[in-house]
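Taken in sequence, the protein lines are chains A and B.
Per our numbering, the first sequence runs over residues 8 to 81.
Per our numbering, the second sequence runs over residues 7 to 208.
Please note that a few of the clues may not be correct.
As the list claims (entries may be wrong) - With the Cβ distance kept under 8 angstroms, some of the chain A side facing chain B (calculated, not the full set):
#1 Leu17
#2 Ala18
#3 Tyr20
#4 Leu25
#5 Val30
#6 Gln34
#7 Leu37
#8 Thr49
#9 Glu52
#10 Met56
#11 Thr66
To be verified - So, partial list: chain B residues that the calculated Cβ filter (under 7 angstroms) puts toward chain A:
#12 Arg19
#13 Val37
#14 Arg39
#15 Leu45
#16 Asp60
#17 Asp64
#18 Arg88
#19 Leu169
#20 Leu199
Bear in mind the hints are in silico, worked out from the structure with no lab data behind them.
Note that beta-carbon positions come from the ideal geometry of N, C-alpha and C, so glycine has one too.
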Amino acid sequence: MKCEEFITFLADYLDGELPPETVERFQRHLDGCRSCTAYLATYRETILMARGVVGVELTEVPEELIEAVLGSFG
Amino acid sequence: MPSMDVVAQSQERALVARLQAGDAAAFETLVRRHTPALLRVARRFMKSEEDARDAVQDAFVAAFKSIGSFGANAQLSTWLHRIVINACLMRLRTQRRRREEDIEEFLPRFQEDGHQVTPSRQWSETAETILQRSELVGVVRASIDRLPDTYREVLLLRDIEELSTEETAKMLGITANAVKIRLHRARQALRTLLDPYMRGMQ
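One chain only, chain A, in its complex shape (with noise of 0.2 angstroms):
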């Protein structure tokens, strides 16, 4: 396997959607390629970031929009 092709398929084989034998080809090649490796960890890196950045946003509610809101059915 090449690296494209692992990379390219890299979301389903996170997945799990693909055949057991595709899965093994997949970890024959990450054995032997540090770049692949670093890649494979920095793409969960990437996903777990995007979801942690949910969890530290802003909190507040402005009154005013809940007036607004409330406003337009009055």
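Starting from the known structure of chain A, arrange chain B on it as the hints suggest.
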């Protein structure tokens, strides 16, 4: 979505019944209870606070219009979550950025032999440590905002709002396969944008 206990469920059913009967106090309860969550979602999608607030207003208008068809087995928070996402997508559609950065430039490039032109390297930081530093949270957010809208929307829907591939496809009017392709490209592009920050740090 966490399942509700029996008391909360019967309270919600009572609230829905009052909403469906046009009870003004019930509308106020709904708006006060759910505006914080809806605004948080809208702030993720919209680039300005003003647009986020407008989308929340749109969402409540849409919710009030369709409360009559609210299903007996549905959950208000889930239902409103989908409505505010739709409101955001509609607003984004009408204000698509004129010049979107092409996503190709953020995707990995390969040599003829299939190796990456620039080999990937491990990051010295993890998501967990990054998210404790507010300036870097800003970098992550700004990087998501740099993605072209069609890719950013899929990333938000799938990875952040945690909708299924099928539901995302339905909301965007594209195929499930297109969702998968866009999501993978969006993550790759985001990875490229974060790479210099994540590698360069101690």
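(request) Run the structure past the numbered hints and jot down the numbers of the failing ones, going up. (result) Violated: hints 3, 4, 5, 6, 7, 12, 14, 16, 17, 18, 19 and 20.
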